[in-house]
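**Student:** Between the sequences and the hints, there should be enough to build the whole structure, so can you do that?
There are 4 protein chains.
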Amino acid sequence: MTPMLTELKEAVCKANLELARSGLIILTFGNVSGVDRRRSIVAIKPSGVAYDSLKADDIVLVDFEGNVVEGWLSPSSDTPTHIELYKAFPQIGAVAHAHSPYATMFAQAEREIPCLGTTHADLFHGPVPLTRLLVEAEVVEGYERNTGRVIVERFAGVEPLELPGVLVAGHGPFTWGRTPAEAVETAFVLEHIAKMAFGTMFLDPGRAPLDGPILEKHFRRKHGPEAYYGQKKEKDQ
Amino acid sequence: MTPMLTELKEAVCKANLELARSGLIILTFGNVSGVDRRRSIVAIKPSGVAYDSLKADDIVLVDFEGNVVEGWLSPSSDTPTHIELYKAFPQIGAVAHAHSPYATMFAQAEREIPCLGTTHADLFHGPVPLTRLLVEAEVVEGYERNTGRVIVERFAGVEPLELPGVLVAGHGPFTWGRTPAEAVETAFVLEHIAKMAFGTMFLDPGRAPLDGPILEKHFRRKHGPEAYYGQKKEKDQ
Amino acid sequence: MTPMLTELKEAVCKANLELARSGLIILTFGNVSGVDRRRSIVAIKPSGVAYDSLKADDIVLVDFEGNVVEGWLSPSSDTPTHIELYKAFPQIGAVAHAHSPYATMFAQAEREIPCLGTTHADLFHGPVPLTRLLVEAEVVEGYERNTGRVIVERFAGVEPLELPGVLVAGHGPFTWGRTPAEAVETAFVLEHIAKMAFGTMFLDPGRAPLDGPILEKHFRRKHGPEAYYGQKKEKDQ
Amino acid sequence: MTPMLTELKEAVCKANLELARSGLIILTFGNVSGVDRRRSIVAIKPSGVAYDSLKADDIVLVDFEGNVVEGWLSPSSDTPTHIELYKAFPQIGAVAHAHSPYATMFAQAEREIPCLGTTHADLFHGPVPLTRLLVEAEVVEGYERNTGRVIVERFAGVEPLELPGVLVAGHGPFTWGRTPAEAVETAFVLEHIAKMAFGTMFLDPGRAPLDGPILEKHFRRKHGPEAYYGQKKEKDQ
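Residue numbers (the working numbering), protein chains in the order written: chain Y, 371 to 607; chain U, 371 to 607; chain H, 371 to 607; chain B, 371 to 607.
Simulated from the structure, these hints should not be mistaken for laboratory data. Keep in mind the model is a prediction, meaning the values are calculated, not measured. Watch out, some of these pointers could steer you wrong.
Chain copies aren't distinguished; within one or between two, either way the pair holds.
[What the hints assert, rightly or not] The calculated BS3-like cross-link candidates involving lysine-lysine, where the alpha carbons are at most 30 Å apart (straight line), are:
id, residue 1, residue 2
1, K592, K425
2, K592, K384
3, K457, K384
4, K457, K425
**Tutor:** Okay, structure coming up:
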């Protein structure tokens, strides 16, 4: 095993533990993966393994066809969904999946999360997208792969790092980023955004989304060439 | 005392502590039991004992008539409910009871929890059932036993491991499983499902339940002969 | 100082810390007292003191006229409210006050909490009562004493141990019991009841309260001569 | 560096950590500053630095023009907002900013928080004010400074220590006080107030705010010359 993959497995393991610690998941219902772009290999959480005993060595390596390359455990049953995202979005380095309550409420209600405030605009450059429901044939055969495909279908013409997550209708959120830590951070902020949107819609059901300029401002002060949030030296790393 | 019952008492004690740690119960309002099918003996939490001092030795053993077989404490006042379930559902090995807030809200509102997403379908093969209210005569005499009976009445023609829990109208949830740990896990997921259904119904009050194929798919990938979630070796144990 | 009062001060201190640990209060917004009936002396939390540094020695002793009998700190500003309750309800031995969110929502909305389930009936033998608002003269002069008086006014003809708490309109809950620990337990369960009633009223706004027999059954299995919940030896202590 | 500024930096660091511990912020989305009035220097959290590694030495010192006077990290991107508040409100010594969920819901819905109970009146002498939305030109150029200016605009004729916080429309709460600890305490109580107002408005959508006398009474028993809440010696310090 090469040192680089050891590092990836450690980052993926750490991000899975962070996802569990954040309170976003219950039992084993969630998973984080990371990708090695040079080798086209995905490092992912094993299926149904309890978080409190998860170690970097348990992380499973699979290729883009879903074959296990290394590891003695079965990979997450959602692995084909992750692979579809890596194949379609070359910009991303990691994917996280949770059933966090507020984001899942929107997914179950088949509603996008409108951008109602600057916390949202800090992370998502527009509403949090929603996929369509899968049709019967897509469920019966290749369900997890097709879950990835309806996400990709929804992102036609969309830059995935400007909208770093999605609600799968009737299911829950998937988020992504350049690193496993970033994908989990986005899952965490998405849950917070969803909760605040939920409450805002109670207080003002007809609330219009935030205006263009403020959405633009908040997203751009954290992302892209004109970003000025955070520490320079961190960005240079 | 035989070693096997010691093991059962330890599993029941551990599951009761897990129930307390999960935040599903307040004070002493909850209980978990397990059954020894060969001897028809139930191991159950003593009544009104604080969780932080509960030890395996405090677990009370009762027979199917409710007589204490071993133990110096009184068994949970809900013991007759548990016994009715063990008598009617030979498939189950453990029962858990909590007053967790969201599941109890549905029980108090006398509403089943519709299957609105895949988190639900992962565990319940349909809506979470609701019992009828007890009539006055059932309350006055044999209240706890009759609570078990209205549950059993509701499950006529239903496989209890496909719908591993119920809402007792005006009271709260009971869940079950093959082991005490499984019954508590189901209580925990049920609360999460109830919270997400609650929010989904706020966002879309007329929301239709999930379609047949996706319900089928999610339940079957975790349960029955075609299950592929989790680790093979765990299932073989 | 007599040993008995030391014991009372320790019980009051412990109950105040338990109230803080339970998450029912924010900052210093809450207090618990206990009474020595033989001497008509109240032991109460000092005003505005942080919970993490509270010791039994800080508990202030006051007589029924509100004069400090012992202690170097000022007693809680709510002391006159507690004293009114001790004078009017000879059955009670302790009082707790919190601004816990769900109970306070009902107090602020000037709504009693209807008995919608057995968790409620386990503790309150009917709806959680609500006081009237104080009129201007009652606020300007003797505000805290008058807060106690509107509670007492509301309990005319009511047995305070059968309804061991109240919502003061526009303010929040007061609870009581035979011991400081019991008053805090009731504050804790009241918050849980309020949260579940809140959610039930969302799911079914016109929900009718629980029937007489089931209310009677649940209250009586925990309270009074026919109680059978909990351990005999505990009750005998 | 003078000892006084070291003390300020320590108070600011401690208050930032307290804000993080209180659960009011997610990730790095929040900041607390304090001001040295003699030198017109602001001590503020560095931008985008994780709370678990924050030390007093990391706190950045800036003057009222926003120039860094001391520190090797970039100051919070919200620094110009803080400076506007210090320039306009000579009474205040510290400012805190969070994206706490319930206060942010009101900010996003563009609703003031009405005074619905005594918990609110203990801290805010009237409704929690709301700013107007910034217009496009204010967003594009000098966004953070203009955020401070719309707050100041809203407080024309208002004593800032009688209403120690504000909701910035579409953004979230800013709070202030005489010390960094006080600004954070207010942020914490504001979130609690917002949550309880939210629930009260569900239970009684047309709820009228609390009457003048009780609002007056509660605010004055904690603030100003006739305050009698808390310990004398603490106030004298």
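**Student:** Confirm or reject each hint.
**Tutor:** Right, here's what the structure says about each hint:
For a Cα distance limit of 30 Å, the shortest separation of K592 from K425 across copies, 24 Å, qualifies, whereas the shortest one inside one copy, 33 Å, does not. Taking CA atoms no more than 30 Å apart as the test, K592 paired with K384 passes in both settings, with 24 Å inside one copy and 26 Å between copies. Proximity of K457 to K384 under the C-alpha cut-off of 30 Å is restricted to the intra-copy arrangement: shortest distance 24 Å within a copy versus 44 Å between copies. Within a single copy, K457 and K425 get their C-alpha atoms as close as 27 Å, which meets the 30 Å cut-off; across copies the closest is 42 Å, which misses it.
In summary, this structure violates none of the numbered hints.
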